[in-house]
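**Student:** The chain contents come next:
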Amino acid sequence: MNARILGLIYVTLAVLFETLGQLACKHSAENARADDGILGLLRRLWREKSVALGILCFAVDAGFWTLALRRLEVSLAFPASSLGFVFVVVLSRLWLQEQVSSERWIGVSLILGGVVLVGLS
Amino acid sequence: MQSVAENIAITHQRRTVWFGLALAIALDTITQMCWKSAVEHVPESLGLWPSLAYAFSLPLFHLTLLLFLLQFVNWMTVLAHADLSYAQPITALSYVTVSAASIIFFHEPLSSLRLTGLVLILLGVWFISRTDHRTADSTATQQEGTFPAEVLQ
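Going line by line, the protein sequences match chains A and B. Here the first sequence is numbered in our numbering, starting from 1 and rising by one per residue. Here the second sequence is numbered in our numbering, starting from 122 and rising by one per residue.
The hints are simulated quantities; they were obtained by calculation from the structure and are not laboratory data. It cannot be assumed that every hint is accurate.
What the hints assert, rightly or not - Quick list of the computed label-pair ranges, beta carbon to beta carbon:
1) Ile106/A to Leu231/B: 41 to 51 Å
2) Leu69/A to Leu236/B: 19 to 29 Å
3) Gly37/A to Glu229/B: 35 to 45 Å
4) Ala221/B to Leu69/A: 35 to 45 Å
5) Leu39/A to Trp170/B: 31 to 41 Å
6) Gly168/B to Ala59/A: 14 to 24 Å
7) Leu231/B to Asp36/A: 15 to 25 Å
8) Leu236/B to Arg47/A: 42 to 52 Å
9) Pro180/B to Leu39/A: 35 to 45 Å
10) Lys49/A to Pro164/B: 22 to 32 Å
11) Asp36/A to Leu179/B: 36 to 46 Å
12) Gly63/A to Ala174/B: 17 to 27 Å
13) Thr66/A to Val125/B: 33 to 43 Å
14) Arg70/A to Leu186/B: 39 to 49 Å
Idealized CB from N, CA, C, for every residue including glycine.
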């Protein structure tokens, strides 16, 4: 397999784990939410197993990202990582039952295009 | 009266979310700047583990780790109130602030391609900011309605 394709597979895996990490964090924040301020939130988060899962996902993400950067130039890896915005929105809709309106989709598409241009520049 | 309290609750919640997002973007920008400054102090001749060990000895790197922790706590408070598909894309604003800071502090050039990209990101964030910050749970605003109602009394 050539280095570029392998690199892009690593980027995709990194982005996937980052998204899973975000979903785990959101899941735990949702369970721990109440109206008693940050300290109350942190106390309940301490007992949430999905926080640890989220942090583990971020660590795996960092590992794959490092592997990706060893095979790809940043000018390709960085725009490719904007795939994360799509993963987050799709999975938030499927797993967290968030309502993604057309306005939100337009916003995410514009951001996606913008990040690709910033990465290519 | 209830609807007024509910409206105030939603406004209060929206402000909390926006403050958290602004803080997340600011912390992200400062973290990136610190990290880059820290990494620039590490000699390039070192291998992976020696350069990691060197980084851990730098106060700037300790500051970076502290910023990561602050960022995590702040991000959890944002996620407690807002949709992930609302909050996460909005943090793309940090591409704009990091670019601005790079131009100001590291004197990096701004190409027209990058400028176009940054304008697209700003537009996208504007679109998302117009949507409801919370759609997953319709009972949420009722639960939070009790908080400002106490303040009103």
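**Student:** Indicate, hint by hint, whether the structure satisfies it.
**Tutor:** Going through the hints against the structure:
1. Ile106/A to Leu231/B: 41 to 51 Å: violated (26 Å)
2. Leu69/A to Leu236/B: 19 to 29 Å: With Cβ atoms ~26 Å apart, the hint holds.
3. Gly37/A to Glu229/B: 35 to 45 Å: Distance hint for Gly37/A, Glu229/B holds at roughly 40 Å.
4. Ala221/B to Leu69/A: 35 to 45 Å: violated (24 Å)
5. Leu39/A to Trp170/B: 31 to 41 Å: Taking Cβ atoms as reference, Leu39/A and Trp170/B lie about 38 Å apart, which means the hint holds.
6. Gly168/B to Ala59/A: 14 to 24 Å: Taking Cβ atoms as reference, Gly168/B and Ala59/A lie about 21 Å apart, which means the hint holds.
7. Leu231/B to Asp36/A: 15 to 25 Å: violated (45 Å)
8. Leu236/B to Arg47/A: 42 to 52 Å: For Arg47/A against Leu236/B, whose Cβ atoms are near 47 Å apart, the range 42 to 52 Å holds.
9. Pro180/B to Leu39/A: 35 to 45 Å: This hint is violated: roughly 28 Å between Cβ atoms.
10. Lys49/A to Pro164/B: 22 to 32 Å: violated (41 Å)
11. Asp36/A to Leu179/B: 36 to 46 Å: Taking Cβ atoms as reference, Asp36/A and Leu179/B lie about 38 Å apart, which means the hint holds.
12. Gly63/A to Ala174/B: 17 to 27 Å: holds (19 Å)
13. Thr66/A to Val125/B: 33 to 43 Å: violated (53 Å)
14. Arg70/A to Leu186/B: 39 to 49 Å: violated (24 Å)
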